[in-house]
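There are 4 protein chains.
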Amino acid sequence: MGGNSFGQIFKITTWGESHGKAIGVVIDGCPSGIELSEEEIHLELLKRAPGRAPDTSSRKEPDKPEILSGVFQGITTGTPISILIPNKDSDSSKYDSIKHLLRPGHANFTYLKKYGIFDHRGGGRASARETACRVAAGAVAKKFLASFGIFPKATLKEVGGQTSYEDLLKEIQGEGDSLGGIVEVTVPMLPVGLGEPLYHKMEALLAQAMLSLPASKGFEMGLGFEAARMRGSEHNDLFIPGEITETNHAGGTLGGISNGMPLVFRVAFKPTSSIFKNQKTVTTAGEPATLNLPEGSRHDPCVAIRAVPVVEAMAALVLADLILLNRCSTIQF
Amino acid sequence: MGGNSFGQIFKITTWGESHGKAIGVVIDGCPSGIELSEEEIHLELLKRAPGRAPDTSSRKEPDKPEILSGVFQGITTGTPISILIPNKDSDSSKYDSIKHLLRPGHANFTYLKKYGIFDHRGGGRASARETACRVAAGAVAKKFLASFGIFPKATLKEVGGQTSYEDLLKEIQGEGDSLGGIVEVTVPMLPVGLGEPLYHKMEALLAQAMLSLPASKGFEMGLGFEAARMRGSEHNDLFIPGEITETNHAGGTLGGISNGMPLVFRVAFKPTSSIFKNQKTVTTAGEPATLNLPEGSRHDPCVAIRAVPVVEAMAALVLADLILLNRCSTIQF
Amino acid sequence: MGGNSFGQIFKITTWGESHGKAIGVVIDGCPSGIELSEEEIHLELLKRAPGRAPDTSSRKEPDKPEILSGVFQGITTGTPISILIPNKDSDSSKYDSIKHLLRPGHANFTYLKKYGIFDHRGGGRASARETACRVAAGAVAKKFLASFGIFPKATLKEVGGQTSYEDLLKEIQGEGDSLGGIVEVTVPMLPVGLGEPLYHKMEALLAQAMLSLPASKGFEMGLGFEAARMRGSEHNDLFIPGEITETNHAGGTLGGISNGMPLVFRVAFKPTSSIFKNQKTVTTAGEPATLNLPEGSRHDPCVAIRAVPVVEAMAALVLADLILLNRCSTIQF
Amino acid sequence: MGGNSFGQIFKITTWGESHGKAIGVVIDGCPSGIELSEEEIHLELLKRAPGRAPDTSSRKEPDKPEILSGVFQGITTGTPISILIPNKDSDSSKYDSIKHLLRPGHANFTYLKKYGIFDHRGGGRASARETACRVAAGAVAKKFLASFGIFPKATLKEVGGQTSYEDLLKEIQGEGDSLGGIVEVTVPMLPVGLGEPLYHKMEALLAQAMLSLPASKGFEMGLGFEAARMRGSEHNDLFIPGEITETNHAGGTLGGISNGMPLVFRVAFKPTSSIFKNQKTVTTAGEPATLNLPEGSRHDPCVAIRAVPVVEAMAALVLADLILLNRCSTIQF
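The listed protein sequences derive, respectively, from chains A, B, C and D. Here the first sequence stands for residues 1087 to 1419, numbered as in the numbering used here. Here the second sequence stands for residues 1087 to 1419, numbered as in the numbering used here. Here the third sequence stands for residues 1087 to 1419, numbered as in the numbering used here. Here the fourth sequence stands for residues 1087 to 1419, numbered as in the numbering used here.
Read the hints as simulated data drawn from the structure, not as lab findings. It is possible that some hints are incorrect.
As the list makes no split between identical chains, a pair holds if one copy fits it or if it spans any two.
What the hints assert, rightly or not - Straight-line distance between alpha carbons at most 25 Å, and here's what the computed DSS-like set of lysine-lysine pairs gives: (1) K1174 / K1107; (2) K1174 / K1150; (3) K1363 / K1256; (4) K1107 / K1150; (5) K1243 / K1256; (6) K1199 / K1366; (7) K1133 / K1150; (8) K1256 / K1133.
Please construct the entire structure, taking both the sequences and the accompanying hints into account.
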């Protein structure tokens, strides 16, 4: 329970609004004995920081995380790890002119309807800023995974349907428009046995994790939707002596449990909803209006770009959890 | 916790192996006051029953569900609803000849590695027979939803990449091969506000539900992967006065919360792994072998066909849960 | 979530009404590799069966449990273990004459108010019959614990305030009255480290488990309420070299985590609410009435007597869960 | 899951060590629409603050809470409420001289064994300082409850077995010793129907909540252990027309669900383990040693005194959760 928590054993709870004082994450269930420093977390955060890559928004947050608990003398203690990231560079005033407008593709309409109140500043809780907390928690999960030789790796596969997309991005940015994209994760080495039955299959948890990301619209495992267009005789991965399977169409699991082949999955992201073109909309009172983003607003032309480290972090969180859960699967461990 | 449970408030736990005495589901958290009969559940079960549709496997289970608790004088009482479905037509002997073979696309390899033991008969716990329990529970969820005027509807969109596929299916069946397919769900009328923040977004829970199904390989919401190839100016659904949005590319949610537009998502299924062609494989001892399905084995040429009512049931379960959770979102209900 | 479930990893869900077709329990999270038979569970069930001990009610249920899933060739497989216990000897007609009366000490009033409907037959879901499911699940937990050399043992300490109470019981039974009692659990050998921080302290989970039992009114750990009347210099258990502590006033935990000393706690049970004396009450419509239990009704003169194996079972369930959770506490296991 | 979380819907997660930078709590699931200020939380925190009451330890923490998220324009928004309380007055150096000693009644032994590492400073995670987070969260729960006219009230009933105890306390403090005590909670007005079946009975959740408190050793509901020494004809609360029951021996629930009578329960606390008398102990290396608390150490002579507002806070958290859960009990709400 709790829509702001994820994980069963290695469990995170994130909190914070885009333009509040800070955002943060509490990790409850991280095992003791892991070396951990603020610097390591900071390095991961820099990967998703805006204003770092040429094609991302220009908001500049130092994003210096503070570890407030759960680490003693540089080692995790088994108690909750609280990580706080201050919001330093948030200028909410820019949003004042549009606060009464429903923003296409944004959550202000639904949050207002559901809760009767919405901290609209910078997108509030629904802002992608929350993903910094996921990356911070993912940094801890990665340290745990590294000790087992497990290294999830996310890469950008497509932007706007192109695998080579630099020119397209510049063009679209010039037009004030945006593009969707696809991120792929591979985990080359995974032990057999990770994943729980049925509702906590590896791919079920990964799918939940990925569709919980802002702007994500799809998930596919292994060949994914392509598999739906194949024959069994083509798709089946045949077992071979001395190794595992000849092909890896399944993407690394059988029955939801890792089979020792590389884990492979993809996540689809819609184009950034905030564009620098006028859009027809309505006010919160239901009147027709036009949305014109305030000058100086900062928005990525393609959210998939900055999603890369976030997707990687979520994969790490799922895997860390499944490693711990797997310790409970048989009487002899 | 518990890989065999799904849901937060309206919560199901399924149990049972394909060739055990019975399978079943316990629903904990179904509200009181819902009319419910065994007949209604049976009617839903018949939709997924094998041997009913011309293109499905010929195993014939009466699948007569027994409601063992939680219903009094035809009305749910708020206590757990236990539904049992006997396994009548299970002939395990046919599987004896192949019990020492790793079956391509099947879970016997990973279950054996994870648990050290596997009830291989008919696929055991990993069999699609478990989905009968989901359909039974979904039947209860649908009764609940109906009282709010909510009717999820799943349809088969594609088989083997074709939208018209009868001939292809017969052809493939003649060859002993199988096909993948795509199932689509639409829910025409949904109140605004369903879905919890972040990790329990409507689409996150739907994705978990759908990727927990046997043979499912992908999930997409609204335009899904197609959205990843679009521009923001094309993809954004514009708000319009007096209605909600002009288009419904998003598929019915914003920020993970229903926006009042129809819910639309799709699920990709791989081709049935069990095919009637010889396949190279290895034994559980690691020796090279050939898998030749025993004569009289029953397997669907396309699992997506029988998945239709199961996908619908899982959608119903997610929606029932989110309606209940939404009662807790504000102080005034 | 789910008031009918208990446990985090080794998790049970019980279902069933006293006079329904059957009652049962699903154990999700029992590790694979445990030998288990219906006979072993039956033996545990016989310990709580009515009509066995001279001072318990005369309802005779064979209470033959059926294991419907999760066990293959006599060994647990890691999949859910579904245990069903038929209700054979339930004569609901006796309750017809009192079904419109609020029964002092019973739950029919509160269930009716909460749910608007109540299966009153034999106490329905609120009946102590549900505890048979706990004993069945506890039998499985005990098998798991036994492999670690852990044997929880519950004994009856007091009935009606007396430690020697046979005569008192007969007397009270002759009067148609009932008595309260106290059950004590000791677990001689426990490894250090069981129990999770704060809200899942060993004693917190035990307290929840015990107060979830019908008729239980109190829980105390170690010296319990007596400790509240002591000085620190008396109560503190001093550490001694080569052993653990000199005394065991704490009852086996420090900071909620087992310290290697015997676990000791007690549970208080109120006197059976059903007595064979006329009691003033009101009808469900609010009219004054007199409750006179129907002739031939069966009720224990002291619920604490039959609670002994149930308390033991709940202790076993908590311990099994904590052993599994403890496998996740440090990176090196 | 997660030993540092409590609650199902209104769910808290606490974090922080006694002498770390800060402690805090995240509330996930607090409904929107509640007025909330830092001042209100501060006022609650002052009730448990050391150095305020004459008989409590002299550590002085301003305990000024910061609300970092979840509140907008003074109103809760339905998103997680993160409350941070800085640790200002923590002098860890005093503990250096005793850091290698096992402290009787303390958790350093068990935490070290369980996790292999322990932030011993000021008791680390096992310190009662964590209860400030519970009080902060309880302040929010109380605001929610107040809107329903529900006001839980905790009082100190006994210290060292005495109901009048001021002189005894001074005496014991002079001797450097400590005393146990008993706290009682009453909630005069509760709607009927709060509490979930079986494992989430009102008293089961209260018992878990109370035994999760540092130094608590017992819980009893209504007459509690006294009930175990009574007859049914004495203990039964008889229903009376136009009201609820004549007496309230049960303490406000039937079958674990509130019956409209006042809620009454008690919690037993052991004497403070830290005393200013020399105590024999052993070092973490197993050598005999003497524990002599460093001069200037600050410890309450009776933890039950400062536990009063914490017990009240935990009661408020349980009730808030049960009110929300009860919204899901029937189809018509």
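Here is how each hint holds up against the structure:
Within a single copy, K1174 and K1107 get their C-alpha atoms as close as 8 Å, and across copies as close as 20 Å, so both meet the 25 Å cut-off. Proximity of K1174 to K1150 under the C-alpha cut-off of 25 Å is found in both arrangements, the shortest distances being 10 Å within a copy and 22 Å between copies. Taking CA atoms no more than 25 Å apart as the test, K1363 paired with K1256 passes inside one copy only; the shortest distance there is 16 Å, against 51 Å between copies. For a Cα distance limit of 25 Å, the shortest separation of K1107 from K1150 qualifies both inside one copy, at 14 Å, and across copies, at 16 Å.
When the C-alpha separation of K1243 and K1256 is checked against a cutoff of 25 Å, the pair qualifies only within one copy, where the shortest distance is 17 Å, while the shortest distance between copies is 37 Å. In this assembly of identical chains, the alpha carbons of K1199 and K1366 lie at most 25 Å apart only when taken from the same copy (20 Å versus 51 Å across copies). For the identical chains of this complex, K1133 and K1150 are intra-copy neighbours only, at 13 Å inside a copy versus 35 Å across copies, given an alpha-carbon limit of 25 Å. For the homomeric pair K1256 and K1133, the shortest alpha-carbon distance inside one copy (21 Å) is at most 25 Å, but the shortest distance between copies (52 Å) is not.
Consistency with the previously given hints is maintained throughout, with no hint failing.
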